[in-house]
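J.: From just these sequences and the hints, can you work out the full model?
Protein chains in written order, with this note's numbering: chain A, 1150 to 1477; chain B, 4 to 319; chain C, 721 to 1001.
No lab work stands behind these hints, which were simulated from the structure alone. On a predicted model such as this, the values are computed, not experimentally measured, just so you know. Take these hints with a grain of salt, some might be off.
Said to hold, decoys possible - With a straight-line Cα cutoff of 20 Å, these simulated PhoX-like cross-link-like pairs (lysine-lysine) come out: (1) C:K928 <-> C:K809; (2) C:K928 <-> B:K207; (3) B:K207 <-> B:K248; (4) C:K928 <-> B:K248; (5) A:K1351 <-> A:K1428; (6) A:K1262 <-> A:K1351.
These are the residues of each chain, in order.
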Amino acid sequence: MKKLMMAATALAGFAAPALAQDAVRLQLQWVTQAQFAGYYAALDQGFYTEEGLDVTILPGGPDIAPPQVLAGGGADVMLNWMPSALAAREGGLPVVNIAQPFARSGLMLTCWKDTGITGPQDFRGRTIGVWFFGNEYPFLSWMSQEGIPTEGGPDGVTVLKQGFNVDPLIQRQADCISTMTYNEYGQVLDAGISPDELVTFKYEDMGVATLEDGMYVLEANLADPAFADRMVRFVRASMRGWEWAGANPEATAQIIIDYDETGAQTLAHQVFMMGEIAKLTAGSDGTLDEAAYQRTVDTLLAGGSDPVISAAPVGAWTHAITDAALAQ
Amino acid sequence: MKGTVGPVLLVLAAILAFWYVACVPMNAREVLTQAERGGAVLIPPSARERIDAPLLPLLWQNSAHLDQSWSQLRPRLPSPHQVMVEIWDSTVTEEVFSHRGIVQSGEWSNRSLIYHTGVTLSATVLGFLIGAALGVALAVGIVHNRAMDLSVMPWAIVSQTIPIVAIAPMVIVVLNSVGVQGLLPKAAISAYLSFFPVVVGMVKGLRTPDAMQMDQMRTWNAPGTAVLWKLRLPSSMPYLFASLKIAIAAALVGTIVGELPVQRGGLGARMLAGSYYGQTAQIWAALFAAALLAATLVWVIAMLERRMLRRMGAAG
Amino acid sequence: MIVLAPALVVWLSLWAANAILTGGGWDRHPAVRLAVPLIFGATILLVWEMAVHLLAVPSVILPPPSAIAAKFLASTSVLWGDFVQTILKGALSGLAIGCALGLVVAVLVDRFDFLRRGLLPVAGFMAALPIVGTAPILVMWFGFGWESKAAVVVLMVFFPMLVNTVAGLADTTAMQRDLMRTFGAGYWQTLFKLRLPAALPFIFNGLKIASTLAMIGAIVAEFFGSPTQGIGFRISASNGQLALDMVWAAILVGALAGSVSYGVIGLVERWLTFWHPSQRL
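T.: Structure below.
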């Protein structure tokens, strides 16, 4: 009996350090790239372990809708763009924004200058590439506000479901394509096209920008104090990671390359991406700016005949986690 | 077999020659745009006018500027040597000379095609084994149970009309939420695609013994299991192997499709990553690796078939 | 698992019903042959519906069949447009071109033995190219419209049609070929009057495989670039919008199209190859 007790105690002793690390699973909304630099930096530099967290970062991909993974219990916290998260909330999946590292939007339309497009009204009769899977909401909202139908024809735009590369622009299958300042725009330049051959429309400048990468959790989970505490520590370590990444872009790019499981990323592209991402996260400590949130909601509600959300969401965000995380 | 090497080589040489020639018209517009940026004067001079210009006159009038057709960075049609170089770089060069390769770090580099082929292969083999076992079990059930025969077969056929790529993300999400990650979801999709050929082939095979042979078993007072083991299963071997060849090719397709949603290595992830970053040669290299893998797997089954049938005394 | 008890009860009782139907010697009756698979299908749907409700599965993971049916009936115009774009424009045209190409090349391969030894292995290698790799390349070449989807389908159906037609053309007996020679028939006459008709069972076998592949090819190709219409587009975009009931409704359209085409080909096969032993069952 004594031996059994000793064995059990020894086992418990071994288990204790493991129990001290709480498990957190983060679902990214795309493949491993510098867009998620803060989290990878925090993982690599041990910020999560310092907070007693054992974090698993799950890369996303073209067919993974992070809200689905969250709903299925495959992840504890997800990254998502606010329009997609608000639409999910209205559709019956109560997700709550707990932090907003991205203060500015990097979404823009890139067009050939020789198409003669100078403003949004020139989009009529043109072919425009748009991403789907949650990324179409800002565009549809914008066109609705401009009064331009999206079913094609001489008076509307013909929308192409763009894949996630820039070939439709280069091969002139589309007059304009959706690009992120930090990714696809760089690819267009890498393809040998100079900026004077292009004309770009940043959603921020057009006044139709919506908030992008934010951290979201299920409302039901947030009611559990142990879970909320894990999230506080997670947000704190993640924001430290973002700070570190902003200060060490080249090292962060190398970290991304090391964690990339497909082996397809290149260092040069990740360095470019890190530089651009830093412009979007600059000045944000993770707290959601209420004015920016309201702007996003107004943009989505103004979508005329086909609004992305039909009513202003209630309880879609909370400052509780970021307040606790930054209080220290 | 002897007589095929010569003709195959000739056909391959013809395809290669056609491929080199085809690079010119396929890459022409981008090549000319590049030349224009480099200062050349073309007919017609601006890219906008060239979009709708007919191809052959365009090539004829600007033939002096087409020499870059075989060395484009983002080609519409990469030339054969570009694909060969990419395959070489992603296998030998990456493993032997890179700091992540097997020579220097003792582990397969996650940038090399060899590693990705291994990831795909493991899921394929697992899915194939599950699918084949399931197929054989279902076939035995269908042959012995009339209710299963009438009810399951039509739905097995319908199951193949459901587009698998649509199911893949949902299967993976559902399995992930139950905690099943990594290899098993991909193997599940492989199994889904590979069980049907095995069911069809085995049902046909298990029913091949004719009335005389079945009567013979009855004269020996053989129980149902003996009939199964000693008569039906051996007669179904040729059909089994024919369907195993189809099944393993289908399992490979299933694995590659299953790698798309999760993007954690494998030839499918590699092809898609190449597509995202405009690295056309990467797509082609992964494509060839996948086709080579399929051909090798089918060949392995064919070898097994020859050995098995020879041991059974059937047609060698 | 206890919570699933009602669903298990339903499943077992319907299974028992099927067993009774087939066990009583009635199993050759056409009504029974129709009823049994329908009961089996109904069982799956009922168990699915009950399981979703009993286990409280969120609808963004798996919607119940009732929601899918409702969405299907409410969106027929949208789904019809998708059907025309993907099946009629993409899959059918690709199927026609691919099968015609397969037939022509099969005749050439049959005529010239050199081509048979050289081309068949190479065509086999081409068939092994996974669609996930060929689809983005073909979208790059042929654009976002239905043309690239048709091209993907051609690539997928060419090899099965080729292999089946070649096997069919070889399936004539020496006596039949000798008979044509006694009539003084040349190669082309023998081809059109004896060998092609004799090859029809194999050609139809190939067509059945090809039609399923054509549909899958057209849908998958749309995942890599499409206009805002099409079954593949609908599946992908609705998945992203978390409208899973629409996803399944689009899958239903695809499955229906595939089954109907399989059935139609089967009927035409029975009409044209009535003389073949397999049709006498």
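J.: List, from low to high, the hint numbers that the structure doesn't satisfy.
T.: Checked against the structure, no hint fails, so every one of them is satisfied.
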